[in-house]
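Q: These protein sequence lines are chains L and E, in that order.
1 is the number of the first residue of the first sequence in the working numbering; add one for each residue after it.
1001 is the number of the first residue of the second sequence in the working numbering; add one for each residue after it.
None of these hints come from the bench; they were simulated from the model.
Cβ atoms here follow ideal geometry from the backbone N, Cα and C, with glycine treated the same way.
Each hint should be verified, as a subset may be incorrect.
[As the list claims (entries may be wrong)] So the derived label-pair ranges between C-beta atoms look like this:
| # | chain 1 | residue 1 | chain 2 | residue 2 | range |
| --- | --- | --- | --- | --- | --- |
| 1 | L | 109 | E | 1105 | 41 to 51 Å |
| 2 | E | 1285 | L | 182 | 37 to 47 Å |
| 3 | E | 1166 | L | 82 | 31 to 41 Å |
| 4 | E | 1294 | L | 2 | 46 to 56 Å |
| 5 | L | 162 | E | 1034 | 54 to 64 Å |
| 6 | E | 1022 | L | 81 | 40 to 50 Å |
| 7 | L | 176 | E | 1179 | 38 to 48 Å |
| 8 | L | 114 | E | 1032 | 31 to 41 Å |
| 9 | E | 1294 | L | 1 | 36 to 46 Å |
| 10 | E | 1174 | L | 162 | 34 to 44 Å |
| 11 | L | 265 | E | 1285 | 33 to 43 Å |
| 12 | L | 51 | E | 1082 | 41 to 51 Å |
| 13 | E | 1014 | L | 115 | 47 to 57 Å |
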Amino acid sequence: MQIIVSGLIFGCIYALAALGLVLIFKTTEVANFAHGEMAMLTTFVSYVFLTSYGFPYLVSLVLALLFATIFGLFVYFVFMKRVQSAPHLNQVVLTLGLFMVFNGVAGIIWGYQPSSFPEAFHGDPYEIGGVFISLNEIFVVILTLILMLGFFLLFRFTRLGLAMRAASQDTMASELMGIKVSGVFMGAWAIGTALGGIGGMMTAPVTFLSPNMMSEVLILAFAGAVLGGFISLPGAVFGGLIIGVIENLISYYIAPELKIVFVFLLILIVLYIRPQGIFGGAKIIKKV
Amino acid sequence: MKQLINNHKPWLILLVLFMLVYPFIVGHSGYMVSIFVMICIYAISAMSLDLLIGYGGQISIGHAGFLSIGGYTVAILTSKLGLPFLLTLPLAGVVTGIIGLFIGLPAVRLSGHFLAVVTLGFGLSIPQIALNWDSLTGGYSGLSLMRPSFLSSDLQFFYVIVVMTVLITWLLHNILKSRMGRAFLAIRESEVAAQATGINVPFYKTVMFVISSFFTGLAGGLYGYWIGFVSPNDFTVVTSFLLLGMIVVGGLASIPGAVIGAIIFTVLPELTRSFVGVTNIIIGLAVVLIILFRPHGLISLFDAFKAKSKRKAGNDQDLLISEQEQGGTVKDVNI
Chain L
1 MQIIVSGLIF GCIYALAALG LVLIFKTTEV ANFAHGEMAM LTTFVSYVFL TSYGFPYLVS
61 LVLALLFATI FGLFVYFVFM KRVQSAPHLN QVVLTLGLFM VFNGVAGIIW GYQPSSFPEA
121 FHGDPYEIGG VFISLNEIFV VILTLILMLG FFLLFRFTRL GLAMRAASQD TMASELMGIK
181 VSGVFMGAWA IGTALGGIGG MMTAPVTFLS PNMMSEVLIL AFAGAVLGGF ISLPGAVFGG
241 LIIGVIENLI SYYIAPELKI VFVFLLILIV LYIRPQGIFG GAKIIKKV
Chain E
1001 MKQLINNHKP WLILLVLFML VYPFIVGHSG YMVSIFVMIC IYAISAMSLD LLIGYGGQIS
1061 IGHAGFLSIG GYTVAILTSK LGLPFLLTLP LAGVVTGIIG LFIGLPAVRL SGHFLAVVTL
1121 GFGLSIPQIA LNWDSLTGGY SGLSLMRPSF LSSDLQFFYV IVVMTVLITW LLHNILKSRM
1181 GRAFLAIRES EVAAQATGIN VPFYKTVMFV ISSFFTGLAG GLYGYWIGFV SPNDFTVVTS
1241 FLLLGMIVVG GLASIPGAVI GAIIFTVLPE LTRSFVGVTN IIIGLAVVLI ILFRPHGLIS
1301 LFDAFKAKSK RKAGNDQDLL ISEQEQGGTV KDVNI
């Protein structure tokens, strides 16, 4: 039971990273491989606020998210806007290039020495039904659920959500219908990066703060998003949770070193049975 | 068209001649020869990956896994079973090809991001398996292997690699010009239309993976023999990303493009090695800038130049044919 619960908490972290990924993909159809590195930069910025300026946790969190928003807009305007209509492979390789640049920049500024990062809440773990869980972990779980629900409702029931869905389906037609597509994309990048930043700040206490901290998280978040169908926000959270639990079970019962092998084997099997992911909806072939 | 071939031929001969005299130009410098060998190995891998992505439209971001398998196959077969070189090198290709078959089978059903994640998982898993299967792969310490006595000097083996590279390039070129290559292009353009014209889509998709992994495995085998040592850290996910970068930066669906990409991505890290930590930034920036300003890759520079000179001659028809011949421009890869 303890293994499953701590797996769920890891899963929440993957889900948080996956949410931003799916949000950006759902709107702009770009799979952002630099997402983890952008989250890492945001976490470093909040760390600077925390240690160099001595701000309290909440203030530096808000400031870092503000930074993330601006950073997301910067990436969109400087890089992604120019390749919005380019082939998808070009977009993917561009984000991979950005991944390397951000990683190198963080390495130069802050060095590769891992440092510790504070948790949102301190306190001794509670025991609920034989399972130990700390206040911070409860916070992570609740935050994930709230964000997932919030964005799910946003997509389903608001005008902005409708605009985002329309923009992703057909950019030109939605522009002709009077939707400001570039504004929608700007929003997606800003919010997506901020979401990634939250994910980064939740990851940092577990993995320690270093330029490479997000690489494994991002890969598993990506896997979780794909498992959930890549276009569904609840799917991303669900996929992230599954990955977290399975990973923990495998490390405990089989071998901790081989967890990534088994996780991907599982994904392969799931996708072989259901090629569009668990929450992917019906598979439609658009182009002939 | 005949003119086009005649125009290319002297260049090709010059290039092969250059490859043959290269060790003498650089004065037998081990370092320079080693860079050239790595260019050859990456060029083979990039061309194989290009067959899959550029011509076939199937994404793979785990190709370094095939390189690792090729390297380990020769190392295991040589050190544990003592098989001769002439047998191990083809076997490296065959074993990798069989594994490529297993990766290609699910790929028949998957596309886009889903295929990307499966191949990414494959690329991540191979180093992990190599690390933990101690009895077979030697774990952290890796495996060392000896070159056969008739190829013991670096110069002799350099020529083996050059000959192999030229041979594989020629083979890939011919595969792509054949009926099979046209089937790949049809699948890339539209799976539905390809199926409707009687192309066996699942079969050709699997074959694509097998061919691509076969040649990548050969490149991995050559690498193993060249270095004389294989370890789990030789080819990681970063290598897969670099291979992807090579073919996009060089130009998709173009064999010269893949070679240009391989040259750039092998030489750039060597040039920036003296500045620690800057390598990643420079490679990343190069990728970003080329995608932003030359979205069809560096090879499009040549095409633009050719178009200009052709237009002067008032002979646009010829250009059209040559472009179609090269597999057309890639409109979109199915990711």
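Q: Going through the numbered hints above, which ones does this structure break? Give me the numbers in ascending order.
A: 2, 9, 10, 12
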